[in-house]
Amino acid sequence: MSITYLEAIREAQAKLLRDDERVFIYGEDVGGTFGGAFKATKGLAKEFPGRVLNTPISEDAMVGAAIGAAIQGMRPIVEMQFADFSSTALNQILNNAGTHYWRTNVPVPITVRLPCGGTKGSGPFHSQSMESIYAHYPGLIVMTPATVEDAYTMLIEAVTIDDPVVYCEHKYLYYHLKADKLPTEEGLPTGQARILREGRDLTIVAYSAMVHEALAVADELIGEGFEIEVVDLRAVKPLDTETVLASVARTGRLLCVGESFPWGGATAEVISRVTSEGFHFLDAAPQRINAKDTPIPYHPNLWAAHRPNAKMIAEKTRELLRE
Amino acid sequence: MLQTAPRRKKSTASKAAPHERFLEAFRWMLLARTLEEKLVSLYRGGLITGGVYVGRGQEAVSVACGLFLQKGDIFAPLIRDQAGRSAFGEPLVDVTRTYLGSRQGPMRGRDGNIHRGRPRDNQLAMISHLGAMVSVTVGALLAKRFHGEKNFVGLSCIGEGGMQTGSFHEGMNLAAVEQVPLVVVATNNHYAYSTPNDREFACHDLVDRAIGYGFEGYTVDGTDLTNCLEVIGSAVKRARAGRPPQLVVASTLRLSGHGEHDDASYVTDEMKRQPFARDCLKAAEQTIVDLNLVDAETLRDWREEAAAQVDQAISTAQKEAAPEADEEDWCAISTRALGDKIE
Chain A
74 MSITYLEAIR EAQAKLLRDD ERVFIYGEDV GGTFGGAFKA TKGLAKEFPG
124 RVLNTPISED AMVGAAIGAA IQGMRPIVEM QFADFSSTAL NQILNNAGTH
174 YWRTNVPVPI TVRLPCGGTK GSGPFHSQSM ESIYAHYPGL IVMTPATVED
224 AYTMLIEAVT IDDPVVYCEH KYLYYHLKAD KLPTEEGLPT GQARILREGR
274 DLTIVAYSAM VHEALAVADE LIGEGFEIEV VDLRAVKPLD TETVLASVAR
324 TGRLLCVGES FPWGGATAEV ISRVTSEGFH FLDAAPQRIN AKDTPIPYHP
374 NLWAAHRPNA KMIAEKTREL LRE
Chain B
36 MLQTAPRRKK STASKAAPHE RFLEAFRWML LARTLEEKLV SLYRGGLITG
86 GVYVGRGQEA VSVACGLFLQ KGDIFAPLIR DQAGRSAFGE PLVDVTRTYL
136 GSRQGPMRGR DGNIHRGRPR DNQLAMISHL GAMVSVTVGA LLAKRFHGEK
186 NFVGLSCIGE GGMQTGSFHE GMNLAAVEQV PLVVVATNNH YAYSTPNDRE
236 FACHDLVDRA IGYGFEGYTV DGTDLTNCLE VIGSAVKRAR AGRPPQLVVA
286 STLRLSGHGE HDDASYVTDE MKRQPFARDC LKAAEQTIVD LNLVDAETLR
336 DWREEAAAQV DQAISTAQKE AAPEADEEDW CAISTRALGD KIE
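Protein chains in written order, with my numbering: chain A, 74 to 396; chain B, 36 to 378.
Hints listed in this document are in silico derivations from the structure and should not be mistaken for laboratory results.
Since we're looking at a predicted model, the values are computed, not measured.
For every residue, glycine included, the Cβ atom is placed at its ideal position computed from N, Cα and C.
Honestly, I wouldn't trust all of these hints.
[Said to hold, decoys possible] If we take Cβ atoms under 8 Å as the criterion, some of the chain B residues that face chain A in the derived model are:
{"no.": "1", "residue": "164"}
{"no.": "2", "residue": "165"}
{"no.": "3", "residue": "174"}
{"no.": "4", "residue": "209"}
{"no.": "5", "residue": "269"}
{"no.": "6", "residue": "370"}
{"no.": "7", "residue": "376"}
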């Protein structure tokens with residue numbers, strides 16, 4: 074018996090619908106017998122009649138409606154069919170949900186699920202990672218779970234939190250990542266990074282699917298005599314600077330890996346904070362790897378070079394270790 | 036089925052019996068006009084930072100939007116809805132506190148002017164991005180349906196400018212798909228800031244869009260209070276009774292700039308001669324005089340009472356402290372423990 078990252082997301086939603094009558098799911102194709110483009114809501118419409126609702130192709134209105142419902146005491150989960158399409162709801166997410174508590178003192182407990190990240194052949198409009206954009210704006214929590222267990226417990230936590238949460242679930246991990254069973258206990262709280270692998274020579278900070286590329290590199294470099302520490306941020310906002318700094322204090326070297334575009338963003342933020350607050354811990358200039366500064370290519374040959382992977386990370390790690 | 040009320044060919048003061056809530060509505064209009072004229076003076080005198088946005092010429096439509104809503108209904112007013120906000124129950128001091136930047140206002144200095152509300156009291160706080168509040172109102176109504184509430188409605192205000200946004204279109208379509216009891220009142224005041232109708236839309240009549248959205252559509256003379264009360268009141272009643280969502284398109288002229296920083300020099304003389312350019316407050320007062328609904332002394336008393344209420348609200352806000360930057364916690368989320376600890 075094993076459970077995938079995608080099944081964990083479905084199970085978390087089933088539990089939320091079961092345990093909390095304020096929860097409903099709103100999105101394109103989530104209802105009926107279809108259960109979503111990725112089947113993250115499969116069977117839920119039947120199990121919870123009237124609470125898993127198909128919407129028109131209207132991302133702005135989907136989120137607007139979720140905001141209105143949340144103000145009136147509901148706990149909506151909005152599924153974006155692809156993270157990329159959430160760009161047409163940016164106004165509602167950033168300007169309405171993100172400002173509401175600050176302006177009115179009334180929090181907006183919505184969860185917006187974003188199927189993120191690249192899978193080959195998906196091209197410029199079905200592959201994006203949007204966490205850095207959402208993290209840039211005030212008023213939002215941005216989760217980026219990398220494990221099956223976190224996918225489950227963090228989604229439950231997202232809906233419990235009184236503030237708007239952008240929950241970035243990685244499409245590559247949907248089927249590739251498996252665990253033996255769902256966690257029975259609460260996970261680590263959001264805002265705490267997790268050291269997935271301890272090491273003394275270099276720290277790789279990653280989140281979402283890049284955590285697994287980093288772990289592969291850590292495995293590979295054992296053979297070369299290096300111990301790489303891998304920090305899984307789990308959420309890019311709030312960012313657990315403390316855990317990262319403590320790790321860099323031990324290793325003296327930092328590499329940050331993220332799948333979003335390179336200008337600014339989560340990896341730049343980590344390096345900025347470490348440089349400002351932990352400059353003296355560093356034995357070498359901190360480095361980062363992101364996707365390239367072009368739209369995400371369709372062809373697998375191009376796509377494989379656009380997105381960071383274990384090979385690129387390993388090369389950069391070796392360079393950094395030589396410094 | 037589309038139901039379109041006959042368009043009034045010519046706007047004249049109603050000689051027929053006025054609406055039963057005419058005088059009540061008139062007093063809210065008078066209060067809004069009195070308040071906003073005072074806010075304009077304060078702005079010109081440098082006592083208000085940012086801007087002042089008034090509903091001059093749109094009070095009849097606005098008051099009708101607020102007047103027929105009951106406790107438990109949802110109201111999403113927009114920029115020119117002081118009359119409706121007051122009629123719905125917004126305390127006058129909320130307005131003056133927000134404009135004058137009191138720390139005790141609903142926005143506590145964090146937002147200003149017309150960007151205010153009390154969401155817990157079902158007064159939604161508009162954002163500047165037009166059209167966005169339609170779907171928010173739809174969602175609030177969905178929640179009420181989930182809670183099993185009955186006999187509620189929502190009313191969302193928009194202008195002909197905001198009607199041209201994608202967000203508005205999405206919200207309207209969603210309202211009809213969800214069949215929520217929503218009334219959308221769109222006031223065509225003939226200018227989106229400085230842009231006249233011919234560069235805003237090319238359809239014959241904005242109300243024709245109702246059928247495309249799956250709404251029932253009505254037009255109303257926004258300068259005629261009785262007409263506004265009848266048409267908007269009936270739309271609210273129909274929505275409450277479970278009819279499809281209702282669109283009311285009102286015609287009027289914005290008798291001010293977009294904000295008080297704007298002298299509206301682009302409004303042509305020809306435009307000012309149009310029937311829809313009539314001042315709804317003056318027209319309503321003329322009806323009162325013509326039909327002898329109350330005597331001149333009563334009218335004067337009402338005016339003085341409105342002025343006194345406004346003075347009181349301003350005086351209260353003026354005495355209150357402004358927000359202080361070093362007392363602000365600078366945290367944009369309610370879950371303080373999850374605030375990003377950025378240096």
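Comparing the hints with the structure gives:
Hint status for residue 164 of chain B relative to chain A: holds, with the closest Cβ pair at about 5 Å, below 8 Å. A least Cβ separation of about 10 Å between residue 165 of chain B and chain A goes past the 8 Å threshold, and the interface hint is therefore violated. The restraint placing residue 174 of chain B at the interface with chain A holds, with a minimum CB-CB distance near 3 Å, inside the 8 Å limit. Interface hint status for residue 209 of chain B: upheld, as the beta-carbon distance to the closest one in chain A is roughly 4 Å, under 8 Å.
A distance limit of 8 Å between C-beta atoms decides the matter here; for residue 269 of chain B the minimum to chain A is near 25 Å, and the interface restraint is violated. The interface hint given for residue 370 of chain B is met, as the beta carbon of that residue sits about 5 Å from the closest beta carbon of chain A, less than 8 Å. For residue 376 of chain B, the interface hint holds, since its Cβ comes within 8 Å of a Cβ in chain A; the closest pair sits about 7 Å apart.
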